[in-house]
Amino acid sequence: MNWRRRHVLGLSDFQPEEMEFVIDTARSMEEVLSRDIKKVPALRGKTVVNLFFEASTRTRTSFEMAGKRLSADVVNFSSATSSVTKGETLLDTARNIEAMKPNILVVRHSASGAPLFLSRHVSCSIVNAGDGANEHPSQGLLDLYTILKVKGKIAGLKVAIVGDILHSRVVRSDLHSLGRMGAKLWLCGPATLAPREMERSGAVVTSDIREAVRGADVIIMLRIQLERQKTAYFPSLREYSRRFGLNREIFSLAKEDAIIMHPGPINRGVELSDELADCERSVVLRQVESGVAVRMALLYLLAGGSHAAH
Amino acid sequence: MLLIKGGRVIDPASHRDGIGHVVLEGGKVREILAGDAPGGFEGEVIPAEGKWVVPGLIDMHVHLRDPGYEWKEDIGTGTRAAAAGGFTSVACMANTNPVNDSQEVTRHIVEKARREGSANVFPVAAVTRGLEGKEMADYSELAEAGAVAFSDDGKPVENPLLLRRAMEYMRPFGYRILSHAEDSVLAAGGAAHEGWTARKLGIPGIPSAAEEVAIARDILIARQIGGKLHIQHISTRMGVDLLRMARRAGLDVTGETAPQYFTLTDAALEGYDTNAKMNPPLRGEDDRMAILEGIQDGTIDAIACDHAPHEAYLKRCEFAAAANGIIGLQTSLPLSLALLAGRKVTPSHLVELLSAGPARILCLRNKGTLAAGADADVTVIDPDAEWEFRPVDVLSKSLNSPFLGWKLRGRASATICGGRVRHSTIPGVAADA
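Protein chains in written order, with this note's numbering: chain F, 287 to 596; chain Z, 3 to 435.
Source of the hints: derived by calculation from the structure; they are not laboratory data.
Any given hint could turn out to be false.
Facing chain F, from chain Z, some residues (calculated, C-beta under 7 Å) [unchecked claim]:
#, residue
1, 203
2, 204
3, 205
4, 321
5, 325
Away from chain F, derived, C-beta distances all over 12 Å, residues of chain Z [to be verified]:
#, residue
6, 20
7, 38
8, 41
9, 100
10, 135
11, 142
12, 150
13, 164
14, 194
15, 215
16, 219
17, 294
18, 319
19, 348
20, 351
21, 432
Backbone N, C-alpha and C define an ideal beta-carbon position, used for all residues, glycine too.
Okay, chain F solo, but in the shape it has when bound (with noise of 0.2 Å):
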């Protein structure tokens, strides 16, 4: 497959051969991770910018490491405000970045749709690493890269994911890159937060996490976002936990060989206990790994590699 992509700002267009061709790439690179020297030269002699304007440790430090596995020079550039309050719009700061002549922009923004806007005015590559509530293409690929790991695949499975489904980027990515590939979605979460628009999707939308997590085979569980909580969306943590936490109760009405996903960071004892967190059917950290092998596939790919690496 030629790739011909020179930004990745969200799995809408992706068909499942593109999708598939990212997983491939994906593995060789596990491969190189898993070697005693982790680093091939790849990438030597070029730059990555992890532009982020909204905190972020873990995926910050996944692409971090990705490129430097790659050999590529990586520099991060964050700024918790945004541009705006900033008083510097985001464009200037993203030219300011791009005069220092980097090849990729990895790019985190509070503001839905601000990479492909980048996309339209900068020449170097963009990689959307989370945007406001549209996509985080990275972790769809990475969630559907981990389903294939442990289930080997992805049509006819069904998915369950529960939590703050209206704000959820992971989601918006997740039903492109889940959905397209066969998967059944369920979005289940309070009815002020899985807002009944999204079975446009093909998802089912659903208050009700028993029949959510009823013979599912994946359980993706989402972090409820407390500092989103301007205004109430539900009336407590205890109340949220109550219908919406998953627990060796609810996880016993999933198959028997469900797995447990969860896009980080977790609170326990709200959306996930304590027990089921650990358990050997959670496979949280199997994604973490999952998460450095697509992240250096997509650099990799974007910096002009063609084909799987070696």
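Here the structure of chain F is known, so what remains is to put chain Z in place on it, guided by the hints.
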């Protein structure tokens, strides 16, 4: 003397629709002659054969950004855009800097318009001082200085008691409040119509109910005290229904919509197009259909474009940070003419919506009609002209329009304001700058 010869004269206020020759003299309409054109006419002749000749169009909802934001627009450029779009009169909103809540600002607008304007400018003054929603402005002296109505447009008057008192106080004087109907708590944080497009794009939604709750509240207050109310930029189905209900109840409540609300839907937001960002937001297809129905059955009294110029960088940014609003004065007429194709309105009804209606709502004497003695404000329209709206055509200082690049049908061939030709595309007819 000026003769507009041989056009189809459409003047709903005097129930006229037929070929005629309009004679203007001394800034007034002298007469309209039927039959052959008068021979030996001494004065300028505007040939209007095959065109419509209508009372000068009136846009009752524009932002001229003057004083205070002259880099976005000023009275000169805004009224030149108006004239090019066929408008001889505009009513400008009070959210200037300083806010138009004092005689000084009202006079500045009136006087600057007289000096530099290419169209008549009717200031709308603030309902509350500084648009802060706390205290009433001094309505009588604002009206004396030239304010034709009152509005906090850009934001609602949140406090229902204050709105009630203002409307009630104004009632004996006949002043009308133009309401930007929005429940700001329900709308808080939103940037697009709450529907599938916003959900898909991950943009926080503005529910239709945010507008409808406020429209209902304002209407009920008007009913309680018998006040005069006008609902601005109606964008939702239930908004139209509420206005219809108010009308059936015999209330003095009028309403406007904008071309963008019957032309576009929230689908225009795909790709995070910031030129499709406005408030109220572009709604769904069902809302758009309801706006068309409201126009067709006469519920909606006026089309007003909510011309809202913004400098480029406020739109060249991430969607959430982008400013609300679009320019509209040069596209309002062709987009409205498109209603004819769908047989939603007759030509006469269209003139009602774009001229007679706003004149009546704002009580603009001698405007909105071509009856003898009316002001010599006339628009000559070529309803079939096909043209593309390009950036070079824009006379505003700002280019924030989702309609750039659109192929449009119909435009103003000539705009005559107070007997002076202020815009012309007719060969041999020169316009005053």
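Hint check:
With 7 Å as the threshold, the beta carbon of residue 203 of chain Z comes within range of chain F, its nearest partner Cβ sitting at about 6 Å, so the hint holds. Nearest Cβ of chain F to the Cβ of residue 204 of chain Z: about 3 Å, under the 7 Å cut. The hint holds. Hint on residue 205 of chain Z holds. Least Cβ distance to chain F is approximately 5 Å, under the 7 Å limit. At its closest, the beta carbon of residue 321 of chain Z sits 5 Å from a beta carbon of chain F; the interface hint therefore holds under the 7 Å criterion.
Proximity of residue 325 of chain Z to chain F is violated relative to the hint, the smallest CB-CB distance being about 11 Å (cut-off 7 Å). Consistency note on residue 20 of chain Z: stated as away from chain F, and its beta-carbon is indeed over 12 Å from all of that chain's, at 51 Å minimum. Every CB of chain F lies more than 12 Å from the CB of residue 38 of chain Z, the least distance being 59 Å, so the non-interface label holds. Every beta carbon of chain F lies more than 12 Å from that of residue 41 of chain Z, the smallest distance being close to 61 Å; the non-interface claim holds.
The beta carbon of residue 100 of chain Z sits about 24 Å from the closest Cβ of chain F, which is more than 12 Å, so the claim that it is off the interface holds. The Cβ of residue 135 of chain Z sits about 21 Å from the closest Cβ of chain F, beyond the 12 Å cut-off, so the non-interface label holds. No Cβ of chain F comes within 12 Å of the Cβ of residue 142 of chain Z; the nearest lies about 41 Å off, and the non-interface call holds. Residue 150 of chain Z, annotated as away from the interface, keeps every beta carbon of chain F farther than 12 Å; the closest lies near 36 Å.
For residue 164 of chain Z, the shortest C-beta to C-beta distance to chain F comes to about 24 Å, beyond the 12 Å cut-off, and the non-interface label holds. With a cut of 12 Å on Cβ distances, residue 194 of chain Z falls inside the contact zone with chain F, its closest approach being about 10 Å. The beta carbon of residue 215 of chain Z is kept farther than 12 Å from every beta carbon of chain F, the shortest such distance being approximately 16 Å. For residue 219 of chain Z, the condition that its CB be more than 12 Å from all CB atoms of chain F holds, with the nearest at approximately 21 Å.
At roughly 23 Å, the least C-beta separation between residue 294 of chain Z and chain F is larger than 12 Å, which holds for a residue marked as non-interface. Remark: the non-interface label on residue 319 of chain Z conflicts with the geometry, its nearest Cβ contact in chain F lying 6 Å away (cut-off 12 Å). The claim that residue 348 of chain Z lies off the interface holds: its Cβ sits roughly 38 Å from the closest Cβ of chain F, which is beyond the 12 Å cut-off. Interface exclusion of residue 351 of chain Z from chain F stands, the closest Cβ pair being 35 Å apart, more than 12 Å.
Taking the minimum C-beta to C-beta distance to chain F, about 42 Å, the non-interface status of residue 432 of chain Z holds against the 12 Å cut.
The structure is inconsistent with the numbered hints 5, 14 and 18, although it conforms to all the rest.
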